[in-house]
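Trainee: These are the residues of each chain, in order.
4 protein chains.
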Amino acid sequence: MPLKPKIPSPQPQSRRVGYAIVGLGKLSAEEIIPAARTSEHAYVAALVTGEEEKGEGFARAFDLTEDDVYSYEDFEKLQGREDVEAVYIVLPNSMHREYTERAAKMGKHVLCEKPLATNAEDAKAMVVACKKAGVLLMTAYRCQYTPEHWAARDAVQSGKLGAVKLLDSIHAQVEDDPTAWRLKAEYAGGGPLPDVGIYSLNIVRFVLAQEPEWVFAALHQPKKDARFKEVEESVSFMLGFPDGVIANCQTSYGAQKTTTLRVMGEEGSVLMDPAFPYQGLKLTIKTKEGSLTPSFPAYDQFGLELDHFAECIRSGKQPWTMGEEGVQDHVIMDAIYESARTGQVVKLSGSRKKDPFRGEQKPKLPTA
Amino acid sequence: MPLKPKIPSPQPQSRRVGYAIVGLGKLSAEEIIPAARTSEHAYVAALVTGEEEKGEGFARAFDLTEDDVYSYEDFEKLQGREDVEAVYIVLPNSMHREYTERAAKMGKHVLCEKPLATNAEDAKAMVVACKKAGVLLMTAYRCQYTPEHWAARDAVQSGKLGAVKLLDSIHAQVEDDPTAWRLKAEYAGGGPLPDVGIYSLNIVRFVLAQEPEWVFAALHQPKKDARFKEVEESVSFMLGFPDGVIANCQTSYGAQKTTTLRVMGEEGSVLMDPAFPYQGLKLTIKTKEGSLTPSFPAYDQFGLELDHFAECIRSGKQPWTMGEEGVQDHVIMDAIYESARTGQVVKLSGSRKKDPFRGEQKPKLPTA
Amino acid sequence: MPLKPKIPSPQPQSRRVGYAIVGLGKLSAEEIIPAARTSEHAYVAALVTGEEEKGEGFARAFDLTEDDVYSYEDFEKLQGREDVEAVYIVLPNSMHREYTERAAKMGKHVLCEKPLATNAEDAKAMVVACKKAGVLLMTAYRCQYTPEHWAARDAVQSGKLGAVKLLDSIHAQVEDDPTAWRLKAEYAGGGPLPDVGIYSLNIVRFVLAQEPEWVFAALHQPKKDARFKEVEESVSFMLGFPDGVIANCQTSYGAQKTTTLRVMGEEGSVLMDPAFPYQGLKLTIKTKEGSLTPSFPAYDQFGLELDHFAECIRSGKQPWTMGEEGVQDHVIMDAIYESARTGQVVKLSGSRKKDPFRGEQKPKLPTA
Amino acid sequence: MPLKPKIPSPQPQSRRVGYAIVGLGKLSAEEIIPAARTSEHAYVAALVTGEEEKGEGFARAFDLTEDDVYSYEDFEKLQGREDVEAVYIVLPNSMHREYTERAAKMGKHVLCEKPLATNAEDAKAMVVACKKAGVLLMTAYRCQYTPEHWAARDAVQSGKLGAVKLLDSIHAQVEDDPTAWRLKAEYAGGGPLPDVGIYSLNIVRFVLAQEPEWVFAALHQPKKDARFKEVEESVSFMLGFPDGVIANCQTSYGAQKTTTLRVMGEEGSVLMDPAFPYQGLKLTIKTKEGSLTPSFPAYDQFGLELDHFAECIRSGKQPWTMGEEGVQDHVIMDAIYESARTGQVVKLSGSRKKDPFRGEQKPKLPTA
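Chains as they are written, first to last, in the numbering used here: chain A, 1 to 368; chain B, 369 to 736; chain C, 737 to 1104; chain D, 1105 to 1472.
If we strip away everything but chain A, and leave its shape as in the complex, we get:
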């Protein structure tokens, strides 16, 4: 699906939600800012970066002026920018809390990259801060906004697969830069688990619409490897859901890119492989009739997120992946690390309620 930026929409920006993009790394540059150009309800109104020159280059390239570029120190100057209604935080995990709290104080709505923080405590504090300030907080779980992941969830929820028995998900990739912040415990809060393993955790919960009751995990951290002095290389974890449903998950920074999701039921199964890239998701739904790979219109995952949150800002409704959804993954990840440390099963609160941590505004799926 070719999805390159369209030319700027001629519609008045005044009706769209202006975002300040906070942090100008690869994700912002290659995915988020280009995606904003495909958005119906959102646009990039400002950039916040520690590298002024880079910011100005971006500004010129994306139809902004130098006045739209802010340093981290000047972050609070955004308060005067009425056209900036939301910030999109794309910073190292450990900075999410601080910038969320600073944004909330200015009355800006916060879209925050996953993981929401580096642990459940910080994540909860972010939710509290946004509630107090009366702003919305959304965790940027792009895979809860694609038609493929929704079709997988619908196959499960509709009963088309019969009772679900087992799930299996893998998200692995090679991280080979020993200096990457993603390998520093202080900045990242963990290794592959909060970075890529979180996709498996999050999507397993999403397709089941339920919460795990217990977790068991084991990890491998080869400390002699310069990359893994502070964080794990791999984690394998098992999640126990209500009714004896079990999900096996694996994540690693030491194995070639693999992203899968498999849901096995009495009467059918779902396979996504690849399950988590920005583009090219492949979904197969197997039932007694055969194997179906549904077709969907082209879309941009980041564009869908930006639009969803913009619509929430207009409607005042809680986003589908609200802050609490991000907190819950931290609660479980904290338990995963605890289990790996103790070698024991860790109990979780579970829940019989459907989607207990998700908001009221359901995502709009792309239409042709």
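Keep in mind that the hints were calculated from the coordinates and are not lab data.
Any given hint could be a false lead.
[What the hints assert, rightly or not] Under the rule of at most 20 Å between Cα atoms (straight-line distance), these lysine to any residue pairs were calculated in the SDA-like manner: (1) D:K1361 - A:T367; (2) D:K1264 - B:S663; (3) C:K993 - D:E1393; (4) A:K224 - B:G530; (5) B:K591 - A:D243; (6) D:K1392 - B:T406; (7) A:K317 - A:P363; (8) C:K896 - A:E289; (9) A:K288 - C:S1027; (10) A:K257 - D:A1402; (11) C:K790 - B:T406; (12) B:K656 - D:L1469.
[As the list claims (entries may be wrong)] One side only, chain A facing chain D, incomplete, derived with CB under 8 Å: (13) R60; (14) A61; (15) D74; (16) G280.
Keep in mind it's a predicted model, so treat the numbers as computed, not measured.
C-beta: ideal position from N, C-alpha, C; glycine also.
Given chain A's structure and the hints, the job is docking chains B, C and D onto it.
Mentor: Frame of chain A, contents of chains B, C and D only:
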């Protein structure tokens, strides 16, 4: 790959090894006996069954006489049959030990269907009995004889994938006959684990050529379901191998047919899907160069097994999947059930030796 | 899908149709005779062969006696065999006419391997002979009996693909034995065209349910190659159907096994790849909703043919692929060779009628 | 492969080749201009359009000023723009000749979209004009610049497939806007053939490195359909190459998107499906060892073209797909239309020389 029986070979049977097939269920009828017709070194010389009429029908169909059909009571009459050098035991698991011991006493070599027994203790007794009697014992692990599984193992062992980090394997299928002996603890020794989950366990050990050091498992047994009064419906288990390598496995009698094996390494990966059917195995080896699905000549898995054991009988060498290999899976399955019962990790002896439980005669792979 | 012969059915043979298999080559030995064991309505009652010893081996293997084996000279002795109601002719193409006429004279129904003869004239004579004798004649087009090919046809005929515009089909394989009768013009009537290209021709007509109005063809015959002294190596042909629909087809004895069918419509498409093997057909139906690979129960193509013709014998109805269907392919193949020889388009009679050359008894598709 | 524009390169533009993009339709907006941002050796220096406002929007969006936007009338003002060394003509086919000649007169090098013109005569005139003016002319055949198409060609040229016997290629899509210029004979020079069928024609010639000796074609033009009053809906054509190699091709504006290439040889085959999209090409090379899908680094097809021509401008060498390559496709397409009109085979000059119409500068393939 069409693989129907060839016409009977004109070579003198005297040079081939005559087998008595013990038990005439679906597997014997549809796979093993037809496979014998494709064999170079083996042929079916006698049938042992509790249903005389059925046995005679088979005998007529497969070029034997009524005199080649024996009841279980007459099993010992095979002793006088010099042309019967081996028995192939295709009975319910709980009968494996008895018939192995009776065959050994007669000096017949024993090829025994997997699982070797219903627990490690019985399996060990079978090894002892055969040793004592000076006959060979082979566990019929057909997946250790296919070119696809060997290519997967070779990809791992050659280093082509870099260091292996994680493995994942699933073997599930729906068992819907509540009266099946496979659902009776006494006959089967367990539910899907010793029947189909054993493939995942066995093949993960085979491709790594190593032994697990610990296991954690959880199972689900919905006793209200008439099928699962005695045995589990599903088991999820995690195997810890040397060097932090972890395998996640799942098996079930409650989910649609799924058979997979995935090996993830630093520089490549292996995917088999399907991984365990009698025909149509699909292997993909991914490295930086791309994805390769190797081609192999047509073959019959049961024919390969029959030939391998026949060659061992001629050479006197221990078969590749000798009795000890079958015992080891029982040791691990016993630990899996213990872990599921206690909720605790169970330690295993592990081993730094390569292929510690396999024989000296390597399988011959089929050639075009 | 493993499909090995089942054990002989305990039902009385008296209700089933007894076939004499005429010709004991690879196809008879590996496919047809084993398939008869899976049949509901048919069984093998006699064998006709030029190699007595081979025949007796077969007889023993397949539960017949030496008295059930006939030489070609003794063919007419089948007349006295009331249990032999039909013959299945599996001889070199050039012998089809003679044996059909001899069988018809004996009042035996005739199932004849494709191609029906070596040219349209002989094929027509066979139809006439069977009509005159009051016996049924069926061309053994196995691909008109599979659920996959019917699902492809249904996708076309139901309008699910919108108006069909183009078709494309390939059937190629390497024939490397220069002494094979398939490479002798006298025996085969041509090269790859009547042997494998006929599948493309036949299936394109089948899925459209229409007849071509013109044909253009080009062939390649490298006479320096010992294999192609008498027959072509490759043929490319274009078939013009009503309403401007065009099918491109290719066949070869010089290229690696390739068997495909593609039907392209305004709103969807059908792809079969592989399209023509005995097992493992893969069908994909693409519409705006996505790509569907339907599932079907296991079956044996030759078993389905044997059953269909047996049912026609019982019902007295014309088989779906009656003699006329085989004649029509010869009419078109004769035109293909003429076009290749002259370099000109050759007009055909065409037809606006649906399925003008097919019988009244539709095949029963396998059920689970 | 996500491939969104990178941020502008900080390298001095003075070393890169500045292009004027002539024509601002969908292809320029969504593919070419964004691709220029990924280019090492090229950048967009000016825009030429009939819609001033649209041009200024683009200019702002892509870091140009209003002064960089020219109307068609002002095209010659580019002469004074020394930084504009080349023009990229992305206009309706019938305007290619005029703008190429006008650009050549100004001494600007010309990269021209395919098809080069609307017939061979105009295409030849363009080659002459550029030669006379001493500027380079490149036909924008993006599929001769991808690693997948080169790997397909290499498989053929290396002999890895054995002698090639047959080829088959399809390029179809639905054109449903009856007002599109692509459906006007005057502007387009034909229907799907010069627009999408040309890919099949061009790539078949590319992988063989040879030229056809004859062509046969049939077309369908349902004039009652408002879309096909002037041009054909579908064309099927057969190309005869040296040594009896035949390619079957089909193209249509009336069938769902299909893009394939198949090359069948004695010892292997190549399949590309899809074969011609901007992204997501899938190549499979089958040999006796198995099926290989090679991996390649991410790239942008238009970026590769822009870079290749920029390098030719710097080196003075003829581009790989020089004007003559574009002329040759027109010669063949003229013959295809003649064959379809007359119902006769049309002879072509053919050539025993390898790549007789390609330039001396080979494309650089993307590296990781």
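Trainee: Run every hint past the structure and note whether it holds.
Mentor: Right, here's what the structure says about each hint:
Among the hinted pairs, D:K1361 with A:T367 is consistent with the structure: their alpha-carbon atoms are about 19 Å apart, no more than 20 Å. A hinted pair counts as satisfied when its Cα atoms are at most 20 Å apart, and D:K1264 with B:S663 qualifies at roughly 16 Å. For the hint pairing C:K993 with D:E1393, the CA-to-CA distance comes to about 14 Å; that is within 20 Å, so the pair holds. Restraint check for A:K224 and B:G530: the C-alpha separation of about 17 Å stays at or below 20 Å, so the hint holds.
Distance restraint check for B:K591 and A:D243: the Cα-Cα separation of roughly 12 Å lies within the 20 Å cut-off, and the hinted pair is therefore satisfied. Taken as a hint, the D:K1392 and B:T406 pair is broken in the structure, with Cα atoms around 23 Å apart against an allowance of 20 Å. Distance hint between A:K317 and A:P363 is fulfilled; the C-alpha atoms sit about 12 Å from each other, no more than 20 Å. The suggested pairing of C:K896 with A:E289 holds, with an alpha-carbon distance near 17 Å, which does not exceed 20 Å.
A C-alpha spacing of about 15 Å is found between A:K288 and C:S1027, which places the hinted pair at or below 20 Å, so the restraint holds. Only pairs whose Cα atoms come within 20 Å are accepted, and A:K257 paired with D:A1402 is accepted, the gap being roughly 15 Å. Between C:K790 and B:T406 the alpha-carbon distance is near 17 Å, which keeps this suggested pair within the 20 Å criterion. For the proposed pair B:K656 and D:L1469, the alpha carbon gap of about 16 Å is at most 20 Å, so the pair holds.
Using the Cβ-Cβ criterion of 8 Å, the hint placing A:R60 at the interface with chain D is satisfied: the shortest such distance is roughly 6 Å. Hint status for A:A61 relative to chain D: holds, with the closest Cβ pair at about 5 Å, below 8 Å. Interface restraint check for A:D74: the shortest CB-CB distance to chain D comes to about 21 Å, outside 8 Å, so the restraint is violated. Hint on A:G280 holds. Least Cβ distance to chain D is approximately 7 Å, under the 8 Å limit.
Of the numbered hints listed earlier, those contradicted by the structure are 6, 15.
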